[in-house]
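Make the full structure from the sequences, and use the hints.
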Amino acid sequence: MAEVNFSAIDYAVFAIMLSVSALIGFYFALKDRKKSTIDEFLLGGRKLHIFPVAMSILASFTSAISILGFSQEMYRYGSMYWLIGFSYFLTQPFAAHVYLPLYHKLKITSAYEYLQMRFNQTVRVTASLIFCLQMILYMSIVLYTPSVAIQQVLGVPLWISIFVTGAVCTVYTSVGGIKAVIWTDTFQVLIMFSGLFAIIIKGTASAGGVSQVWNRLYESDRIEFFDFDASPFTRHTFWSLIFGGFFTSLTVYGSNQATIQRYLTMKTVKDAQKALYINLVGTFLILTITCISGLIAYAIYFECDLLTSGKIKKGEQILPYLVIDLLGKLPGAPGLFVACIYSASLSTVSSGLNSLAAVCLKDLLQPYFFKNSLLGESKATLISKLIAALFGLITVGIAYFCQYLSATVLQISLSIFGILGGPLLGVISLGMFCRFANSFGAFCGLVISTAINLWLGIGAVLYNTPPISKPVSIKNCENTLFLDSNKTMIQQDDKFDVTYVYRLSYLWYAALSICVCFVSGIVLSLITGRNKSKEIDERLYFNWSNLICRKKEKKQMEKVHGRTNYGIDLNDELIIEKQLNSYSLDNLQKTDVTRF
5 MAEVNFSAID
15 YAVFAIMLSV
25 SALIGFYFAL
35 KDRKKSTIDE
45 FLLGGRKLHI
55 FPVAMSILAS
65 FTSAISILGF
75 SQEMYRYGSM
85 YWLIGFSYFL
95 TQPFAAHVYL
105 PLYHKLKITS
115 AYEYLQMRFN
125 QTVRVTASLI
135 FCLQMILYMS
145 IVLYTPSVAI
155 QQVLGVPLWI
165 SIFVTGAVCT
175 VYTSVGGIKA
185 VIWTDTFQVL
195 IMFSGLFAII
205 IKGTASAGGV
215 SQVWNRLYES
225 DRIEFFDFDA
235 SPFTRHTFWS
245 LIFGGFFTSL
255 TVYGSNQATI
265 QRYLTMKTVK
275 DAQKALYINL
285 VGTFLILTIT
295 CISGLIAYAI
305 YFECDLLTSG
315 KIKKGEQILP
325 YLVIDLLGKL
335 PGAPGLFVAC
345 IYSASLSTVS
355 SGLNSLAAVC
365 LKDLLQPYFF
375 KNSLLGESKA
385 TLISKLIAAL
395 FGLITVGIAY
405 FCQYLSATVL
415 QISLSIFGIL
425 GGPLLGVISL
435 GMFCRFANSF
445 GAFCGLVIST
455 AINLWLGIGA
465 VLYNTPPISK
475 PVSIKNCENT
485 LFLDSNKTMI
495 QQDDKFDVTY
505 VYRLSYLWYA
515 ALSICVCFVS
525 GIVLSLITGR
535 NKSKEIDERL
545 YFNWSNLICR
555 KKEKKQMEKV
565 HGRTNYGIDL
575 NDELIIEKQL
585 NSYSLDNLQK
595 TDVTRF
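At position 183 of the sequence shown (counting the first as 1) the number is 187 in my numbering, and the numbers step up by one without a gap.
In case anyone wonders, no lab produced these hints; they're calculated from the structure. C-beta atoms are modelled at their ideal positions from N, C-alpha and C, and glycine is treated no differently. Heads up, none of these hints are tricks.
Here are the in silico distance ranges between beta carbons for each label pair:
hint : residue 1 : residue 2 : range
1    : 532       : 475       : 55 to 61 Å
2    : 168       : 505       : 38 to 44 Å
3    : 194       : 532       : 49 to 55 Å
4    : 11        : 137       : 38 to 44 Å
Heads up, simulated DMTMM-like pairs for lysine to aspartate or glutamate below, C-alpha to C-alpha not over 25 Å straight-line:
hint : residue 1 : residue 2
5    : 206       : 329
6    : 109       : 542
7    : 318       : 307
8    : 383       : 117
9    : 474       : 231
10   : 479       : 223
11   : 479       : 329
12   : 315       : 223
13   : 274       : 117
14   : 474       : 225
15   : 474       : 233
16   : 274       : 542
17   : 318       : 228
18   : 317       : 225
19   : 206       : 223
20   : 318       : 329
21   : 51        : 117
22   : 333       : 307
23   : 271       : 542
24   : 474       : 307
25   : 318       : 225
26   : 109       : 541
27   : 317       : 329
28   : 389       : 117
29   : 479       : 307
30   : 474       : 223
31   : 111       : 541
32   : 271       : 541
33   : 474       : 228
34   : 315       : 329
35   : 274       : 541
36   : 111       : 542
37   : 474       : 329
38   : 479       : 225
39   : 206       : 225
40   : 315       : 225
So this is what it looks like as structure tokens:
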């Protein structure tokens with residue numbers, strides 16, 4: 005293990021980061037104490053600014069899993085995974101112009117309110133429960149991942165690290181609400197970028213320069229981008245990373261409450277779309293620099309593999325080891341890295357807690373426990389804070405048991421989005437694109453697709469073998485007891501049997517669930533009786549012509565208000581937005597042919 009040299013300056017850097025995160029929460033709690041409404045707590049009054057919201061979207065799903073997982077993937081399995089970044093350029097524009105306007109114009113709080121408007125309450129509640137399970141599992145892994153890194157850097161026991169991380173983000177989320185989450189996310193994104201760029205600059209120099217890094221990667225067969233294997237059972241191929249990655253990422257930007265809630269914090273659709281495009285640049289940049297960090301780590305340790313030599317126990321410890329080895333003697337550098345890892349986790353968990361509070365209040369508590377009674381703003385806000393705190397405690401408890409999982413944290417996290425996020429995206433898309441789909445078909449499609457995905461996911465954990473790492477060398481390891489490198493590679497048996505299906509690449513889970521949801525939903529809707537589209541508000545459907553027609557309508561509105569496209573101000577834009585969405589939620593007809 006690299007020599008740990010965590011000085012007083014490092015502790016100070018780390019402590020300042022945690023303190024600032026907590027102080028932001030208390031600041032907004034005091035600042036908005038006279039505006040204690042549920043809309044302020046969950047949506048920031050729907051008037052937040054573009055840049056901080058963009059940074060919050062970026063931070064929400066750029067966790068320690070991304071920083072440690074991407075780098076581990078590059079170090080052990082090569083550069084192939086980087087191709088998933090190009091799926092972002094398909095996913096996020098699609099979400100910005102197809103899904104985002106639907107949520108924004110309905111002025112809802114929870115994404116799954118749409119499912120009651122389009123189908124019925126049963127579908128809404130089922131989807132909300134699936135989302136809660138998804139986020140609890142995901143946040144647990146997010147809490148566990150940096151704790152492994154901190155254990156490597158400082159030798160701090162795993163449970164202490166998990167508890168501290170969970171406690172800090174639970175406090176500032178439950179106290180400060182969405183504003184605290186968004187502004188803390190902005191601060192933490194800056195910390196993340198600072199730490200990662202420091203690693204790249206120092207690491208490249210230590211490896212002997214860019215050309216030396218490239219040569220070592222090329223000789224070890226780690227430069228790989230064009231594997232066009234058509235088999236869905238191959239872990240990473242061009243097709244699974246681009247097209248499977250498209251659907252997996254779309255579960256985040258098209259149906260996940262944590263992201264959608266940020267769309268709804270801004271005044272107009274146009275502002276939300278700008279934030280998503282800024283996020284697109286940020287997510288691709290984060291992916292790229294973390295992947296480069298992993299490749300640099302291999303180039304430095306190319307003749308003494310860290311895992312095979314026993315210097316580290318888990319792949320998630322590769323980057324922390326590199327930092328301590330390279331920057332351990334530079335005061336403040338290890339502290340900056342630890343702050344970087346913690347920042348990534350704090351931002352993700354805080355976003356998840358806030359979104360869980362919104363879903364539980366709006367989808368699970370109000371429809372059943374406060375249906376016939378008036379729930380005051382202060383009481384609703386207090387309940388939301390208690391929900392966020394409760395889920396924080398649950399997440400901390402589950403995170404401790406993540407150490408017993410054998411797969412990489414990156415694969416586990418993306419599997420969760422595919423397994424549980426895919427059916428949510430499927431049922432929402434079914435409602436948007438299939439006018440004749442009824443509530444019975446939607447419910448069955450949601451349940452069937454979730455059941456199939458859970459079956460495949462659990463089977464993959466029980467029967468699948470770990471992926472085979474790229475070749476490693478241990479010829480220059482000194483004074484280290486190690487196994488022969490070939491003994492650490494588990495060869496996969498290509499013989500087909502019943503368990504072969506569990507080898508389906510985790511990147512196809514989302515696409516599979518969407519197909520199953522659509523097919524079963526459409527078939528059962530046709531069998532039980534087509535939905536009559538005239539009974540449902542037109543705003544609940546997506547029409548491809550709206551992408552063009554909406555622009556024409558907006559130009560006509562601008563002429564009415566005496567403004568050109570270049571001279572319209574924010575107030576006029578809000579008036580236009582309201583007129584384009586003239587129907588109120590109270591007038592939505594929530595009737596359906598099939599009720600059960």
